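Protein chains in written order, with the working numbering: chain A, 1 to 207; chain B, 208 to 807.
Bear in mind the hints are in silico, worked out from the structure with no lab data behind them.
Bear in mind the structure is a predicted one, so any value in this text is a computation, not a measurement.
For every residue, glycine included, the Cβ atom is placed at its ideal position computed from N, Cα and C.
Some hints here could point you the wrong way.
[Stated by the list, open to error] Within a straight-line C-alpha distance of at most 20 Å, the following computed SDA-like cross-link-like pairs (lysine to any residue) qualify:
(1) A:K75 / B:Y651
(2) A:K62 / B:Q643
(3) A:K71 / A:P131
(4) B:K637 / A:P144
(5) A:K176 / B:L632
(6) A:K176 / B:G625
(7) A:K159 / B:W682
(8) A:K198 / B:N583
(9) B:K516 / B:W682
(10) A:K176 / B:K642
(11) A:K101 / B:P280
(12) A:K159 / B:T720
(13) A:K44 / B:D255
[Claimed, not checked] From chain A, some residues computed to sit far from chain B (all C-beta separations above 12 Å):
(14) A56
(15) L58
(16) T104
(17) W112
(18) R115
(19) Q118
[To be verified] Calculated Cβ distances over 10 Å to all of chain B for the following chain A residues:
(20) R59
(21) Q100
(22) K101
(23) D114
(24) H126
(25) L127
(26) L128
(27) A129
(28) R161
Residue-level listing of the chains:
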Amino acid sequence: MDRRSALKWMFAATATVHFLDTKALGQSQEAIGLGYGTDPDLIKGEVPWERTMTEAQLRTTKKLADIILPKDGAKSPSASEVGVPDFFDEWISAPYENHQKDRTIILDGLAWIDRESQRRFGTDFHLLARPEFTEICDDIAYLPDALPEYEFGAQFFSKFRSLTMGGYYTTDIGAKDLGYVGNYAMQTFDGPPPEVLKQLGIDKAPW
Amino acid sequence: MPHINAGKTKPEYDVIVVGSGAAGGQTAYTLAMEGVKVLMLEAGRDYDPVTETPMFQSNQHAPLRGASTPGKPFGYFDATVDGGWQVPGEPYTQAQDRPEDEFLWWRARMLGGRTNHWGRISLRNGPYDFKPYSRDGLGFDWPLSYEDVAPYYDKVEALIGVYGSNEGLENTPDSPNGTLMPPPKARAAELLARKHGKSLGIPIVPIHRAVMTERLNSKKIPKWLHPNNPKAQETLAKEMDQRLACFWATKCGRGCSIKANYQSTTVHIPPALASGNLDIITNAMARVVETDSSGKATAVNFIDKTTGKDYSVKGRIIALAASSLESIRIMMNSQSFHHPDGIGNSSGLLGKYIMDTTGARVSGHVPALENMPPHNEDGAGGAHIYAPWWLYKEQISGKLDFPRGYHIETGGTRGEPGPTSFGGLESLTKGSYGKQLKEDARRYYGSFVGYSGRGEMIPNEDCYASIDNTVKDKWGIPVLKFHWKWHEHEIRQAAHMHKTFAELIIEQGGTVTSEVDPTGKKALYRPGEIIHEVGGAIMGDNNKKSVTNQFMQSWDVSNLFLTDGASFCSNADKNPTLSIMAIAWRSCDYMMEEMKKGNI
Numbered sequence: 001m002d003r004r005s006a007l008k009w010m011f012a013a014t015a016t017v018h019f020l021d022t023k024a025l026g027q028s029q030e031a032i033g034l035g036y037g038t039d040p041d042l043i044k045g046e047v048p049w050e051r052t053m054t055e056a057q058l059r060t061t062k063k064l065a066d067i068i069l070p071k072d073g074a075k076s077p078s079a080s081e082v083g084v085p086d087f088f089d090e091w092i093s094a095p096y097e098n099h100q101k102d103r104t105i106i107l108d109g110l111a112w113i114d115r116e117s118q119r120r121f122g123t124d125f126h127l128l129a130r131p132e133f134t135e136i137c138d139d140i141a142y143l144p145d146a147l148p149e150y151e152f153g154a155q156f157f158s159k160f161r162s163l164t165m166g167g168y169y170t171t172d173i174g175a176k177d178l179g180y181v182g183n184y185a186m187q188t189f190d191g192p193p194p195e196v197l198k199q200l201g202i203d204k205a206p207w
Numbered sequence: 208m209p210h211i212n213a214g215k216t217k218p219e220y221d222v223i224v225v226g227s228g229a230a231g232g233q234t235a236y237t238l239a240m241e242g243v244k245v246l247m248l249e250a251g252r253d254y255d256p257v258t259e260t261p262m263f264q265s266n267q268h269a270p271l272r273g274a275s276t277p278g279k280p281f282g283y284f285d286a287t288v289d290g291g292w293q294v295p296g297e298p299y300t301q302a303q304d305r306p307e308d309e310f311l312w313w314r315a316r317m318l319g320g321r322t323n324h325w326g327r328i329s330l331r332n333g334p335y336d337f338k339p340y341s342r343d344g345l346g347f348d349w350p351l352s353y354e355d356v357a358p359y360y361d362k363v364e365a366l367i368g369v370y371g372s373n374e375g376l377e378n379t380p381d382s383p384n385g386t387l388m389p390p391p392k393a394r395a396a397e398l399l400a401r402k403h404g405k406s407l408g409i410p411i412v413p414i415h416r417a418v419m420t421e422r423l424n425s426k427k428i429p430k431w432l433h434p435n436n437p438k439a440q441e442t443l444a445k446e447m448d449q450r451l452a453c454f455w456a457t458k459c460g461r462g463c464s465i466k467a468n469y470q471s472t473t474v475h476i477p478p479a480l481a482s483g484n485l486d487i488i489t490n491a492m493a494r495v496v497e498t499d500s501s502g503k504a505t506a507v508n509f510i511d512k513t514t515g516k517d518y519s520v521k522g523r524i525i526a527l528a529a530s531s532l533e534s535i536r537i538m539m540n541s542q543s544f545h546h547p548d549g550i551g552n553s554s555g556l557l558g559k560y561i562m563d564t565t566g567a568r569v570s571g572h573v574p575a576l577e578n579m580p581p582h583n584e585d586g587a588g589g590a591h592i593y594a595p596w597w598l599y600k601e602q603i604s605g606k607l608d609f610p611r612g613y614h615i616e617t618g619g620t621r622g623e624p625g626p627t628s629f630g631g632l633e634s635l636t637k638g639s640y641g642k643q644l645k646e647d648a649r650r651y652y653g654s655f656v657g658y659s660g661r662g663e664m665i666p667n668e669d670c671y672a673s674i675d676n677t678v679k680d681k682w683g684i685p686v687l688k689f690h691w692k693w694h695e696h697e698i699r700q701a702a703h704m705h706k707t708f709a710e711l712i713i714e715q716g717g718t719v720t721s722e723v724d725p726t727g728k729k730a731l732y733r734p735g736e737i738i739h740e741v742g743g744a745i746m747g748d749n750n751k752k753s754v755t756n757q758f759m760q761s762w763d764v765s766n767l768f769l770t771d772g773a774s775f776c777s778n779a780d781k782n783p784t785l786s787i788m789a790i791a792w793r794s795c796d797y798m799m800e801e802m803k804k805g806n807i
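Just chain B, same shape as in the assembly (with noise of 0.2 Å):
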């Protein structure tokens, strides 16, 4: 089964699966490796890594030396096409005017989604992170724990493959040995970080990313992830023998033509095809879930972008997959006698408790760093090293004015640079050109730091989506309006966020060059910024108090899954990317039991 065109569908299939990243990658993987039929609906254009992922081109070979511009919003070689802020034609609008409180919506149509340039941090949820309202009595538990989904946190990583390290921390797990791959050694400004931020009582250590920093192991892992199917195992075996390992070059946002991270293009995909039960069309917007007299979801209807025209597609399942805000896009639109706000939404919660990560940076001169011998540090093409949240005691002993926790991300190396980097050294080199300048120039260029804050927001009853019947995308759907109020939890974060990276640049012996805010008010990024949407379909053991029960299914429609993030009904410090797929995976499980038993 392959690609093909809309029109050309089996008349049935087992599961629908609408979106291509890591959940509908995931979703698809899952269930077509165990043999069920699968069509794959993602709105964007097909797209090769393979062919179209420019490996080794310098700014030298990109328009504006690859400088970021409307079209493409993080610089010409990022591997999202068609995508960014904002898609033509395709609006989301807001329902209040304060700037800071404007959502930013992150989408990417192509196959694979935001899959094909995210940065590749891979941090397993810990067992609090599970049960934050127990912890200290704000937002929700979810209807699981950390034991429920660690073996697949523990599957997801063979699979993909992610360097990191087991450090034993609070609330950080560790991974099976063996099973994470070995990190790449800390860049100079990561070691001089990890330096001083030990005398603050920061533990800086290994990050986890998706990266291969060896080949994986295709005699042992498609065996164990598939017992008792040899199909599946020769399958995948075949295709994690594609996969090669990290040559350190080309950062990752662009994508890997070798495979060596992971993409859903490149790991999921692939093998799914492969195995011969899963069909994907592309170009197929999703416009809404149908269904039958009795309320079941029986089709996804798509308007196919080559031609404008609509269609229906028939499947036992509906597992959207489409990103937290676009699947419940779809739900709200989804509108019949039986579900008249919307299908699955008898809660009356659909929309409701989205959320983002918060980020807040503080940017530094590190003398220390300046007129370092030239050396190489593409490394893994992103971060080697962090600090996972450090101040649990604190925190539950009250000894700071917000509850929860955030990481921190270090910036700052000897990169390939841009056109654009060279504004701030003015302050340093006081005007000086000609040969001077060049002095200068290779005397500080490296010598710059910024560390991110990226850290748990709180669910609130503020920040929620909802249509807006008044606007209508190219396609003739109606849009999504934006509700959203940061609450004192984030400020209070994001105040402390400033105030460490501050003292960590100070403890160095560097100044810092950006504005630090006390207040925290003005220090946190917009909303849907750092792109890890989630929520607005929350997951819980109670129908009226949730939209899906543990394994995503509507609580309503006993066959209309969510695989995304929607209902995530917290969202840790923990990047969610890893946590949606192994959640997924949990939930294909439970579809392809209750398929066996009849129940579905």
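Extracted from the complex, chain A is given alone in its bound form (with noise of 0.2 Å):
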């Protein structure tokens, strides 16, 4: 595409995103107060709010959540080795609103892979093998592909994947196999090593 035509697609391409989350900013007095409040200890991290997913739902989850991200190997483990599942049980009883939103979307979600487990293959979800997980899947991973039936299917498929990325690349060994580098103190920085100013084209970086 040139610029021209890119630009021109790009002013059409309007209303997919939407711009500010004027609820998000705009909290209410009380939500301020909720769950760790506005001054809690930074160094110890602690979470104040019980768990509140039950062992079947915290089963579907580690079953779906190494579908989506699993054992790669020696090179990288599967969602369920550095906890994902506690994370999701960790998110969706936080108190707050957008929280709240989100317990919904998976708790339906996982009641409804159940249901579709049980109705194509007779069994729950997570003793599913791989042709027939893959199956219902396939039907749901994206929703745009996604047929009308499988609309809801698709919605929570997509919420359940970000929260499984979110959930795995936040732990310092996701972070670590997702090329994450840092956090550790150094006496100089020296900027991109050649082999990724080569890879961009650049000579050599100013200052």
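Dock the two chains into a complex; use the hints.
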């Protein structure tokens, strides 16, 4: 696409991403005091609320999270190996409005996927083997491609996947697998290494 | 003199400073170091960055992996405590219900205020920025010039430590040689933006930030800042030696336990306390400035939040530095026989001409940044580069449909991933999962960019704050009501930002992933959202048309000063903090002269 048509496309491609979540900014006075409040101990990082998911919900979560981010040989562990199901439990048990919305989507979705599994294969989702679970997941993996009857499942899968990734890649192990390098003290900051500059087609970095 | 409890104050102080952030910190520092007896009142709790800053804690160690919540709106590890867009029990109201004009007021009720978490961007106003009316006939000229303030920019930069470079660009002042610290090397996405910015005529250069990339020279700087004052020199040198250079990890927004960046609590307050001339009372919510029968300011009345009791403390001078809007709230609430409409308000202009910075952003995906070899981009915990406003000539010759400029801040690094970093990936991965998703995640990580404009709004008649007499905060103090309307200048400027940022993304071979608004109306961030509140008590050279003189001294009450951004009569695209400190320092020098002369 040349620049002119790209610009044209860009100006036309509106209304897909919304702009400002005014609700998130103008939080109500009551909402502020929820959860860990306004002055938690930042060094300790304690979670003051109870986890609320049932054994069955956690089982289904583990199954689906490990389908989404499985163990990759010796390279990186599976989602459940770095505690993603517990992250889900912490996330959807949080008393904040946005988290309570996620709770509804996640718990309704987990129930839906079990019903779908029962309907197709006569058993709960967590007991399915590869060809079966792939069949369900493929139907809901991408909302724009999903059939109307799988729209709800696809919305759920989308939220579930982004939370799985959020939970996985915010662990130190997950961040490393992603390619994040940092969070240690250095004497000097030397900027991008030569192979990065080469890939960018930049001969020499200024400054 | 130390932190003290309410009720344990001296009978009288030379100066009472309300607030402890950039303005309050600078005011207390300048005065206390020169022997003036100062009492500082802070509405929030005491705060110690050395012991409280989460250095090296990764998101794994935070509730919700550091996600933002109503109680911690910039995320768990953000330095702000007891603050945000709302403070429990301390509401504010809106005069109108248009969502786009709803003012958002970020407060930080803690010692050091917003300086604990700010972006550390430290840009000087240029010569044009002090005389905007003379240039384009809009807004107001300042009753001072760049030359008046330049020596104070020099001093502030030397005291706090700022990295950056001298580029000799129009209206983007250089600092004297040797003042700025070396800028950090640019990151991959920053270099790519620079390369392609060049072909669009956008100059991308090192940004200036209050982060030390080397140690401060504690032998030279204290002598230069405090000539003929060996005690101040010694005190400052000792405190400077406690500040270490950046070790290239931990975002600045968390604060800094090694004191490598500027926050009032690590740079201004420690030497001021060590001078022996500063008392601090925290949890002291200032209510009103009290006056005598002649209308002169005598004391500050405050509520001790820990007991709910009222106290008054006497001062020869009262310096309000509570943040522009909190300071004018105190003034409007200080009504008396001599000051029926609030103290210092004979002009009727108190609360008028409040300003924020305009903001707009466009995000994109740049394939050239995919599959990058993993490398460390933590850097100085914030931006390394920016584009200062570059179209002065086009603007003055009438080629643009808006009058004032903006600078560009760039985003896009291989920073630590957060829990909500991955929502936008789906359109690229087309719903992949399994091992493919892990590969996709590695491929796309670090390939997203964002460009944010930070522009100058012009003060207008529709943007002001008043007292809402129907609502009180939990301390019984009437709250502020905000009136706002963006004018066409800001809206057209935002449209230009969106168009430019989209071009910059496309020039790099990228795709725009957020909405681009050619009208600018939906592009603007909400008023207050950039957290650059200034104005409300503008300075001038005429007591009918302004609230203070060039030294931020009230025209009506000679011993009342506003040393924060309240007296700014324009708000250049340059982030205001550095200017607040420079002008506060200048105001303090004037206070001391006037006290010496016996005029106050």
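Cross-check of the supplied hints:
no.	hint	result
1	A:K75 / B:Y651	holds, 18 Å
2	A:K62 / B:Q643	holds, 19 Å
3	A:K71 / A:P131	holds, 18 Å
4	B:K637 / A:P144	holds, 9 Å
5	A:K176 / B:L632	holds, 18 Å
6	A:K176 / B:G625	holds, 13 Å
7	A:K159 / B:W682	violated, 43 Å
8	A:K198 / B:N583	holds, 16 Å
9	B:K516 / B:W682	holds, 10 Å
10	A:K176 / B:K642	holds, 16 Å
11	A:K101 / B:P280	holds, 18 Å
12	A:K159 / B:T720	holds, 19 Å
13	A:K44 / B:D255	holds, 16 Å
14	A56	holds, 22 Å
15	L58	holds, 18 Å
16	T104	holds, 17 Å
17	W112	holds, 17 Å
18	R115	holds, 20 Å
19	Q118	holds, 22 Å
20	R59	holds, 19 Å
21	Q100	holds, 12 Å
22	K101	holds, 13 Å
23	D114	holds, 18 Å
24	H126	holds, 16 Å
25	L127	holds, 19 Å
26	L128	holds, 14 Å
27	A129	holds, 14 Å
28	R161	violated, 6 Å
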